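When you get a sec, could you build the whole thing from the sequences and use the hints?
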Amino acid sequence: MTQVLEVRGLSKRFGGISAVEDVSFELNEGEILGIIGPNGSGKSTLFNCILGQLQPSAGSVHVDGRAVTGMRPCDLNRLGVSRTFQLLQVFPQLSVRENLILAGQEHQGTMWSRLVGRGDAGLTDAAERMIEFFRLGHLADEKAGGLSYGQQKLLDAAMAFMSGPRLVLLDEPAGGVNLTMLADLRERLLAINREQNATFVVIEHNMEFVMSLCTRILVLAEGRIIAAGTPEEVRGNRQVIEAYLGN
Amino acid sequence: MRLAGRPGAVFLALVAIALIVAPMGLKPHGVYLISMWAVMSIAAIGLNLTLGYAGQISLAQAAFVGIGAYCSAILTAKFGWPFGGAFALAAVLCFAIGWLLGYPALRVQHHYLAFVTLAFTTLVYLVLRNEEKWTGGTYGISGIPRPSLFGWSTKGGPAFYYLCLFVLAVVSWLTWRLVRSPWGRAFMALRENPLRASSLGVDTRRYTLMAFAIGSALGGVAGALYAPLVEYIDPTPFALGLSLNLLLMVIVGGSGYFFGPYLGAIVSVLLPEWLRVTDSLYLIIYAVAVMLLMVVCPSGLLGLAERLLKPARKEPVARAAAKAAP
Ligand SMILES: Nc1ncnc2c1ncn2[C@@H]1O[C@H](COP(=O)(O)OP(=O)(O)OP(=O)(O)O)[C@@H](O)[C@H]1O
Ligand SMILES: [Mg+2]
Numbered sequence: 014m015t016q017v018l019e020v021r022g023l024s025k026r027f028g029g030i031s032a033v034e035d036v037s038f039e040l041n042e043g044e045i046l047g048i049i050g051p052n053g054s055g056k057s058t059l060f061n062c063i064l065g066q067l068q069p070s071a072g073s074v075h076v077d078g079r080a081v082t083g084m085r086p087c088d089l090n091r092l093g094v095s096r097t098f099q100l101l102q103v104f105p106q107l108s109v110r111e112n113l114i115l116a117g118q119e120h121q122g123t124m125w126s127r128l129v130g131r132g133d134a135g136l137t138d139a140a141e142r143m144i145e146f147f148r149l150g151h152l153a154d155e156k157a158g159g160l161s162y163g164q165q166k167l168l169d170a171a172m173a174f175m176s177g178p179r180l181v182l183l184d185e186p187a188g189g190v191n192l193t194m195l196a197d198l199r200e201r202l203l204a205i206n207r208e209q210n211a212t213f214v215v216i217e218h219n220m221e222f223v224m225s226l227c228t229r230i231l232v233l234a235e236g237r238i239i240a241a242g243t244p245e246e247v248r249g250n251r252q253v254i255e256a257y258l259g260n
Numbered sequence: 020m021r022l023a024g025r026p027g028a029v030f031l032a033l034v035a036i037a038l039i040v041a042p043m044g045l046k047p048h049g050v051y052l053i054s055m056w057a058v059m060s061i062a063a064i065g066l067n068l069t070l071g072y073a074g075q076i077s078l079a080q081a082a083f084v085g086i087g088a089y090c091s092a093i094l095t096a097k098f099g100w101p102f103g104g105a106f107a108l109a110a111v112l113c114f115a116i117g118w119l120l121g122y123p124a125l126r127v128q129h130h131y132l133a134f135v136t137l138a139f140t141t142l143v144y145l146v147l148r149n150e151e152k153w154t155g156g157t158y159g160i161s162g163i164p165r166p167s168l169f170g171w172s173t174k175g176g177p178a179f180y181y182l183c184l185f186v187l188a189v190v191s192w193l194t195w196r197l198v199r200s201p202w203g204r205a206f207m208a209l210r211e212n213p214l215r216a217s218s219l220g221v222d223t224r225r226y227t228l229m230a231f232a233i234g235s236a237l238g239g240v241a242g243a244l245y246a247p248l249v250e251y252i253d254p255t256p257f258a259l260g261l262s263l264n265l266l267l268m269v270i271v272g273g274s275g276y277f278f279g280p281y282l283g284a285i286v287s288v289l290l291p292e293w294l295r296v297t298d299s300l301y302l303i304i305y306a307v308a309v310m311l312l313m314v315v316c317p318s319g320l321l322g323l324a325e326r327l328l329k330p331a332r333k334e335p336v337a338r339a340a341a342k343a344a345p
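If you're matching them up, the sequences are chains A and B in order. Every number in the numbering used here is 13 more than the matching position in the first sequence, counting from 1. Every number in the numbering used here is 19 more than the matching position in the second sequence, counting from 1.
Keep in mind that the hints were calculated from the coordinates and are not lab data. None of the values given here were measured: they were computed from a predicted structure. Hints should not be assumed to be uniformly reliable.
[What the hints assert, rightly or not] If you want a taste of the chain A side facing chain B, the calculated C-beta under 7 Å gives, among others:
#1 E34
#2 F38
#3 N90
#4 Q102
Glycine is no exception: its CB is placed at the ideal position from the N, C-alpha and C atoms.
So, in structure tokens, the structure goes:
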């Protein structure tokens, strides 16, 4: 099994409080790892430290065996690591198609070849396929800001896949998405995981979604990993139940 | 904004023809004014790239027009350089200085960035006024020659107007290509959501610097034409007032719209002339008109046009739904 992501002793302190404390785990190619935990347990902060959005106070991150601790998000993305944010992050004034082309263009050629090359960086077809795949077909020319919340959430996820990433970190992809779209989203994620052998880390509060999607789950409480295992193991874990009820 | 196919192309062709025949029906002062319109359009196009597309506020555009103007004036009037060389050097120099001015934009945004760029404009103004040995200080530089290009003299008003128009056309074409290239998309991403952009591989640092550098280079290009157009320059026109005026052009025309700067330059250069018949009232009328526009349509004339031309849509409903969701 090829190891894609290795996190060692990662910590992040904000002033006095310790948002993430000594978190270590690794991830093999093709896995879908779930991260759950009560509000404020440090899940998003963990993502931000892995992805270079925040500088970790301690610890290291390796992607494909390469040290990437504190690397700029754009450089990390070009190594094949993609993400979504907890809060919706699309480009409201650009059309759905333009959003998707933007999401892939920096992976085509060099900055200079993109200046003189084609306006769409050769991505119109790929964007069209992604639009079909996420069933946004009728909305391709709409401004992203005009879509419903659920549709924007789908677009947000679709953008993370435009560059054909090896590793994708999704922060609450199901948050605020209605039930039919949720089933849709799960199906899409599983399809991409199977077909492109993409590896996922998914933060989620929706237990049913997480349990049915992930092969392995980490439970975070107050910045620390308090449990890890298959969905069944985690479901029956006393500490986990206490962490949630005690909150 | 898309060209809206055929009707748009026909309209553009008509405008181009009108611009070409315009000098024939105009007095010398009219020709001078439309030349000034072309020059200011170029400077505003540059600012529209930096501000309208890439979302980086700049009050430094007047400084770049000044640097370009002095560069072309000193080199042609004092050192006898050919205009082409001075013109190219003005563009390159402003590109480089604009690149450097981009660095503060990597650290500060919005009104802080406005202050940094404002300070730069003041600094350049002071240098132009005080470095008398080079710039002639408050006396300025006179006798700036209008160039001869490939044996074609642009000494006359119409001839120089055609030079300005030609440069405007080239700048327009290059800018059109730029904003529709992946770079243009990256600039807009910078404006709308730099955090998301960088997570998608957009090197926000490099694109920010580029947005400043290219916008400033166009300021330099405008300046290089401005000097021989007016034939005499001193530091006064390159003070903060011009920066604010260029900002006004971009915003009145429609910030982030390709054709915004051309319209904005009409409002800013030609409208005051047309209103001159109202004598002492003209400044007041002008100010009120601009304020009314900003109240009615903050996205400028083209934003207003877009709103009027597009049928009312269900968009607000979707927006409201998005806001209501958790
Ligand atoms: N930039 C910051 N500055 C200071 N404190 C922060 C910052 N970001 C997060 N925190 C704190 O770190 C802790 C962890 O926050 P984080 O957003 O990672 O939690 P989370 O597990 O993602 O929560 P949720 O499920 O609500 O999204 C919280 O106590 C939060 O207040
Ligand atoms: Mg979170």
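Consistency of the hints with the structure:
Hint status for E34/A relative to chain B: violated, with the closest Cβ pair at about 25 Å, above 7 Å. For F38/A, the interface hint is violated, since its Cβ never comes within 7 Å of a Cβ in chain B; the closest pair sits about 21 Å apart. Here the hint on N90/A is kept, as its CB sits about 4 Å from the closest CB of chain B, short of 7 Å. Hint on Q102/A holds. Least Cβ distance to chain B is approximately 4 Å, under the 7 Å limit.
Consistency note: the structure conflicts with the earlier hints numbered 1, 2.
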